[in-house]
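Given two chains presented individually in distinct reference frames, assemble the corresponding complex, making use of the accompanying hints.
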Amino acid sequence: DQQVKQNSPSLSVQEGRISILNCDYTNSMFDYFLWYKKYPAEGPTFLISISSIKDKNEDGRFTVFLNKSAKHLSLHIVPSQPGDSAVYFCAASYIKAAGNKLTFGGGTRVLVKP
Amino acid sequence: DAGITQSPRHKVTETGTPVTLRCHQTENHRYMYWYRQDPGHGLRLIHYSYGVKDTDKGEVSDGYSVSRSKTEDFLLTLESATSSQTSVYFCAINPGQGAGANVLTFGAGSRLTVL
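Residue numbers (this note's numbering), protein chains in the order written: chain A, 1 to 114; chain B, 1001 to 1115.
No lab work stands behind these hints: they were computed from the structure.
Glycine included, C-beta positions come from ideal geometry on N, C-alpha and C.
A few of these clues could be false.
[What the hints assert, rightly or not] In silico DSSO-like cross-links for lysine-lysine, where the CA-CA straight-line distance does not exceed 30 Å:
| id | chain 1 | residue 1 | chain 2 | residue 2 |
| --- | --- | --- | --- | --- |
| 1 | B | 1053 | A | 96 |
| 2 | B | 1011 | A | 68 |
| 3 | A | 96 | B | 1070 |
| 4 | B | 1057 | A | 71 |
| 5 | A | 37 | B | 1011 |
| 6 | A | 5 | A | 113 |
| 7 | A | 96 | B | 1011 |
| 8 | A | 113 | A | 56 |
| 9 | B | 1057 | A | 5 |
[As the list claims (entries may be wrong)] The following residues of chain B were derived to be distant from chain A, with all beta-carbon distances above 12 Å:
| id | residue |
| --- | --- |
| 10 | 1004 |
| 11 | 1013 |
| 12 | 1015 |
| 13 | 1016 |
| 14 | 1026 |
| 15 | 1063 |
| 16 | 1067 |
| 17 | 1070 |
| 18 | 1075 |
| 19 | 1079 |
| 20 | 1084 |
| 21 | 1085 |
| 22 | 1115 |
Excised from the complex, chain B in its bound form (with noise of 0.2 Å):
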C-alpha cells in the first residue's frame, strides 16, 4: 500500500482500556492522517499532522490523542477506549506539495473492537 504499514491490523481491547495504533510510512511525505470508517459515515477525520509534532484536530477528535514524533510514524491513541470508538482506523498520507498533493494515499487500515 505505497509504503504504508497500519498495526496492529485487527485488536479486540475491553472498555476503558488504552489502545494505541500505530502507522508508518516509508515515503518521506509531510501530511499524515487518521480516519475512522462507520457504515452510513464514510470516512471521518480524526485527526492529521503537518510535521513532525504538528498536529490539529478533525471532525472526530473527541476521546482520541495522537503524536508524531518521526517523519515515518504518526501514532493515534485512545485513552480510555469506549464502545462507540469500535471502527476501522484509517491511515493516509499526502506529500503537501507538487504531484499528488490533492491526493491522499491510504493504508489497508485498523479494526478495533471494543467490548
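So that you can see chain A by itself, here it is in the shape it has in the complex (with noise of 0.2 Å):
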C-alpha cells in the first residue's frame, strides 16, 4: 500500500501559466516533506522541503504547502519555464525515524508548452 500518492501521473501547462502538483500521504508519523525534480537519463535532483511544522515554504518560483489535517502537500511553480519540463517526485520521512530514508511517491510528469 502507497504511503504517498501523486494522483496526477501527467501535467501539461502553458509557459508563463501557473503548474500546480498534489501529493498524498497516509502515514501521520511523516513530519518532512521533500519535492525532487528529474530530468531523463539524470537522478533525482532536490527542489524544496517543507516541515510539518510549517504550512508554506517558498523559494523563488517553487512554493510548496502543506495541510497536515488533510495529509496533503502541493507544489505550485509560478511562472512555468520550459525548462521546468521534468518528472517530479513528492518523498516523506520521519526525522527520528533511523536511516533519513524518504518514501516516494509515483512522479507527476510536467510538459510546459512553449
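This is the structure:
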C-alpha cells in the first residue's frame, strides 16, 4: 500500500502559467516532506522541502504548501518555464526514524508548452 | 552529481546471472541507499547502509543483497537476476546529521535490463 501518492501522472501547462502538483500521504508519522525534480537519464535532484511545523515554504518560483489535517501537500511553480518540463516526485520522511529514509510517490510528469 | 558515481551506467544481462552494481561517493557521507525506479511506483528503497558493514532492508529487498566494506563504496548484488528486476537503479547518499541531514543526494542511475 503506497504511503505517498501522486494521483496525477501527468500535467500539461502553458509557459508563464502556474503549475500545481499534488501529493497525498497516509502515514501520520511523516514530519518532513520534499519535492525532487528528475530529467531523463539523470538522477533526481532536490527542489524544495517543508517541515510539518510549517504550512508554507517558498523558494523563488517554487512554493510548497502543507495541509497536515488533510495529509496533503502541493507544489506551485509560478511562472512555469519550458525548462521545468520534468518528472516531479513527492517524498516524505519521519525525522526520528533510523536511516533518514525517504518514501516517494509515483511521480508527475510536467510538460510546459512554449 | 555531488561526488556520486554509479557503475555500470547501462547493463544488459540474462535471467539467472549474477549482477553487481557499484556506488562510489567522495563526500564521506554516513548513509548510503539503493532505490529502484519503475513506472507508476516512483522510487522504492531496496537497502540502505548507516555505516561500514551496517546495512538494513528497505521495502523491496527480496532478491537483492548489499555490502559496504568501505565508507565510500556501496554494492548492490542481484544473486540471480530475473526479468522483474529490469529497472533503473539509483544510489543516494546522506550525511546523517547537520546541514542537509534530511535531504538525499542521488547518483545518475544504472539502467539494468534482464532478458
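Results of checking the hints against the structure:
1. With a C-alpha separation of about 22 Å, the suggested pairing of residue 1053/B with residue 96/A holds against the 30 Å cut-off.
2. With a C-alpha separation of about 42 Å, the suggested pair residue 1011/B and residue 68/A falls outside the 30 Å cut-off, and the hint is violated.
3. Only pairs whose Cα atoms come within 30 Å are accepted, and residue 96/A paired with residue 1070/B is accepted, the gap being roughly 26 Å.
4. Of the pairs offered as hints, the one joining residue 1057/B and residue 71/A holds, with about 27 Å between alpha carbons and a cut-off of 30 Å not exceeded.
5. Between residue 37/A and residue 1011/B the CA atoms are separated by roughly 25 Å; this keeps the pair inside 30 Å, and the hint holds.
6. Note on residue 5/A and residue 113/A: the hinted pairing holds, with a Cα-Cα distance of about 25 Å set against a maximum of 30 Å.
7. Between residue 96/A and residue 1011/B the CA atoms are separated by roughly 37 Å; this puts the pair beyond 30 Å, and the hint is violated.
8. Under the criterion of a C-alpha separation no larger than 30 Å, the hint pairing residue 113/A with residue 56/A is consistent with the structure, at around 27 Å.
9. About 22 Å separates the Cα atoms of residue 1057/B and residue 5/A, which keeps this hinted pair within 30 Å; it holds.
10. Not every CB of chain A lies more than 12 Å from the CB of residue 1004/B, the least distance being 8 Å, so the non-interface label is violated.
11. Separation of residue 1013/B from chain A is adequate, the least Cβ-Cβ distance of about 20 Å exceeding the 12 Å criterion.
12. No Cβ of chain A comes within 12 Å of the Cβ of residue 1015/B; the nearest lies about 25 Å off, and the non-interface call holds.
13. With a cut of 12 Å on Cβ distances, residue 1016/B stays outside the contact zone with chain A, its closest approach being about 28 Å.
14. Residue 1026/B, annotated as away from the interface, keeps every beta carbon of chain A farther than 12 Å; the closest lies near 16 Å.
15. Its beta-carbon lying about 19 Å from the closest one in chain A, residue 1063/B satisfies the requirement of being farther than 12 Å from that chain.
16. The beta carbon of residue 1067/B is kept farther than 12 Å from every beta carbon of chain A, the shortest such distance being approximately 17 Å.
17. The beta carbon of residue 1070/B is kept farther than 12 Å from every beta carbon of chain A, the shortest such distance being approximately 19 Å.
18. Residue-level check passed: residue 1075/B sits 18 Å from the nearest beta carbon of chain A, beyond 12 Å.
19. No Cβ of chain A comes within 12 Å of the Cβ of residue 1079/B; the nearest lies about 23 Å off, and the non-interface call holds.
20. Listed as a non-interface residue, residue 1084/B keeps its Cβ farther than 12 Å from every Cβ of chain A; the least gap is roughly 18 Å.
21. Non-interface status of residue 1085/B relative to chain A is upheld: no Cβ of that chain comes within 12 Å, the nearest being about 19 Å off.
22. Here residue 1115/B stays apart from chain A, with its beta-carbon at least about 21 Å from theirs, past the 12 Å limit.
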